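If you want the building blocks of each chain, they are given just below.
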Amino acid sequence: MGRLLLFFLTFFYFSSAHQLWIEKGQSGFVLHYGHRKAAEEEKKFIKYSAENIKRIICIKDSSQEILHTEFSYPLTVTQKCDVIQIDFSTGYWTKTVNGTVNTDKSSAKSPIFSWYSYESVIYINRWNKNIPLSDGLYIWSLKNPLKAKVGEKLRLKLFFNGRPVSDVPVAYDGKVLGLTDKDGRINIRVRHKGLQHIEATFRKKVNTKKADYIIYTTTLNFEVR
Amino acid sequence: MKKAVCLVTACFLSGHVYAHHGVASLGVAGLEGPGSPLETSSSLTLPEGKFLAYLKLDYADFKKYTPQRDDETDKYIFWIYGIGYGIKPYLSVYLFIPYYTKKLEDNSFNSSGFADISFMGVLGFKYDEGFMLIPERESLDDLMDWHFTVYGGFTVPTGDPNIRDKDGNIDPGMSLGFGKPTVTVGATATKQLTEKLTFVADTNYLKFFKYRYADGTEYQFGDEFRFNTAFAYRLITDYKDKLRIDLSLEANFLNLGRDKENGVGLNATGGKILYGLYGFRLYYKTVSTGFGIKIPHWTDLNEESQQQGSEGKENYRLIFTFSALF
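Protein sequence lines, in the order shown, are assigned to chains D and X. Residue numbering for the first sequence follows the numbering used here, beginning at 685 and increasing consecutively. Residue numbering for the second sequence follows the numbering used here, beginning at -3 and increasing consecutively.
Calculated directly from the structure, the hints in this document are not laboratory data. Note that the structure is predicted; figures quoted are calculated from it, not measured. Hints are supplied without guarantee of correctness; some may be wrong.
PhoX-like cross-link-like pairs, simulated, lysine-lysine; straight-line CA separation at most 20 Å [stated by the list, open to error]: (1) 827/D x 744/D; (2) 859/D x 238/X; (3) 236/X x 859/D; (4) 859/D x 281/X; (5) 866/D x 84/X; (6) 46/X x 866/D; (7) 859/D x 192/X.
Interface residues of chain X toward chain D, partial, derived using beta-carbon atoms under 10 Å [claimed, not checked]: (8) 124; (9) 135; (10) 141.
Partial pick of chain X residues on the chain D-facing surface, computed with a CB cut under 7 Å [as the list claims (entries may be wrong)]: (11) 133; (12) 136; (13) 211; (14) 214; (15) 234.
A virtual CB, placed ideally from N, CA and C, is assigned to each residue, including glycine.
Kindly generate the complete structure, drawing on both the sequences and the hints.
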């Protein structure tokens, strides 16, 4: 029953939350924030600032480099990377009796609960089986997803601080398709060509003065041709 | 009459007792994932450590061929109470306790009470780049793979096989038990074809054994073979209210062997029937309920004109199921 409740909560979360994704353009890897498949009342792109970008990691030939790119909106990374990871945060959020505000619990009036939002997005440009383990939450494919065909299953694994993490809902194109198993694994079928968008969200209780939780969200992007 | 009634009894003690359908919710697959028909057993196994409470009503109303109120079979009402448990994600066990009411048109020989209890084990496996046992956790995409089960079960003769009418005669068909255990083996296959449409096939074989009744008669019901196919279509999914409604269409084939009395094949027993079952299933949270009407569309009974009260001679049958996962 707990799992079922989690499913419904997560369903609405993925349905309404903002998304982070990377697209590969002619100028490089472009970071977007907003609603990939925006409804009528939603904006597809929401402007973010340099403060939101926490880290940019470029992985090439199994070595990784932290990039310090000059910011202009939208963030564009021009380096040639096999895999690029961008960490992003919109900071503290607090649900109050008057709605949700972008501030921590100690600064909010009539707080109900508060969280710190930490997101990461990984774009696979060239298959690299031996990706160095990262901290935080991330999804990785157990075989080359760039060779996947529409209809084929992807075998994915979710890590948190380098360890497999279970019971985490994973969504494809915003729709939750299941929970990771005890080995952090989940299988998801490719449904269309083009940019693939797979997300997972993990909530960790912290109970500080500023927040009750850290909500980690990770996204895996790659192209299927 | 006696032979015809026997056939019906035998039928109700087989497929219905062993049908293990109606799982309300499997993890995230409550409101989506494969559908479950009403009669055809799907290949869903119970989640490990979870129980399934199950209730089924099968109400059969028979055609009558004489204008007067005589000893033609009027109706049968079969209740099945069941409990299932998921030992492993791929292994479920069930206990079923049936309660039967059998009524003749002139009430000359009615019977009612608990029948033979039954036990069943279900082993589930699937195909995903190779055959494997059902894993602990499957995504909605995994649930769209081919899933299979093999199952086996037996009854324990707890029902009274020697019920007598007011003149002291025993009619095996009106009894509540078979006197001896019965054995069933079967297999199912399920494929969710699209996000909304699920195909299910189910086949099983039921073996009866000879029993000597209190009046000295040796009686053996004919063996039964079933092949069922079904489509379940998800009509409505309401995520907010956690509600799902499926349409269920089934074709159920039944081949009844000829009964034997004192070693001799009995006239007016056995035959083949093809039923259509039209129903729907409603899911709410971890509870599921189904309702349908089952109609014999084609029959090839051995002595058709003498088999009033037999399978294939119903006006209709109403099916109701309720199940809850906890």
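Consistency of the hints with the structure:
1. Taking the CA atoms of residue 827/D and residue 744/D, the gap is about 18 Å. The hint holds against a cut of 20 Å.
2. In summary, the hint linking residue 859/D to residue 238/X is supported, as the alpha carbons are separated by about 16 Å, within the 20 Å threshold.
3. A C-alpha spacing of about 15 Å is found between residue 236/X and residue 859/D, which places the hinted pair at or below 20 Å, so the restraint holds.
4. With a C-alpha separation of about 19 Å, the suggested pairing of residue 859/D with residue 281/X holds against the 20 Å cut-off.
5. Annotation: proposed proximity of residue 866/D to residue 84/X holds, straight-line Cα distance about 15 Å (limit 20 Å).
6. A threshold of 20 Å between alpha carbons decides the hint, and for residue 46/X with residue 866/D the separation of about 18 Å falls inside it, so the pair holds.
7. The straight-line distance between the Cα atoms of residue 859/D and residue 192/X is roughly 15 Å, inside the 20 Å bound, and the hint therefore holds.
8. For the restraint placing residue 124/X at the interface with chain D, the shortest Cβ-Cβ distance is roughly 7 Å, inside the 10 Å limit, so the hint holds.
9. Of the supplied interface hints, the one on residue 135/X holds, with its beta-carbon coming within about 3 Å of a beta-carbon of chain D, less than 10 Å.
10. Look at residue 141/X: its Cβ gets to within about 9 Å of chain D, closer than 10 Å, so that hint holds up.
11. For residue 133/X, the interface hint holds, since its Cβ comes within 7 Å of a Cβ in chain D; the closest pair sits about 4 Å apart.
12. For residue 136/X, the interface hint holds, the least distance from its beta-carbon to any beta-carbon of chain D being 5 Å, beneath 7 Å.
13. For residue 211/X, the shortest C-beta to C-beta distance to chain D is roughly 53 Å, which exceeds 7 Å, and the interface hint is violated.
14. Evaluation of the residue 214/X hint against chain D yields a violated restraint, the C-beta minimum of about 52 Å exceeding 7 Å.
15. A cut of 7 Å between beta carbons decides the hint on residue 234/X: the least distance to chain D is about 11 Å, and the hint is violated.
The structure is inconsistent with the numbered hints 13, 14, 15, although it conforms to all the rest.
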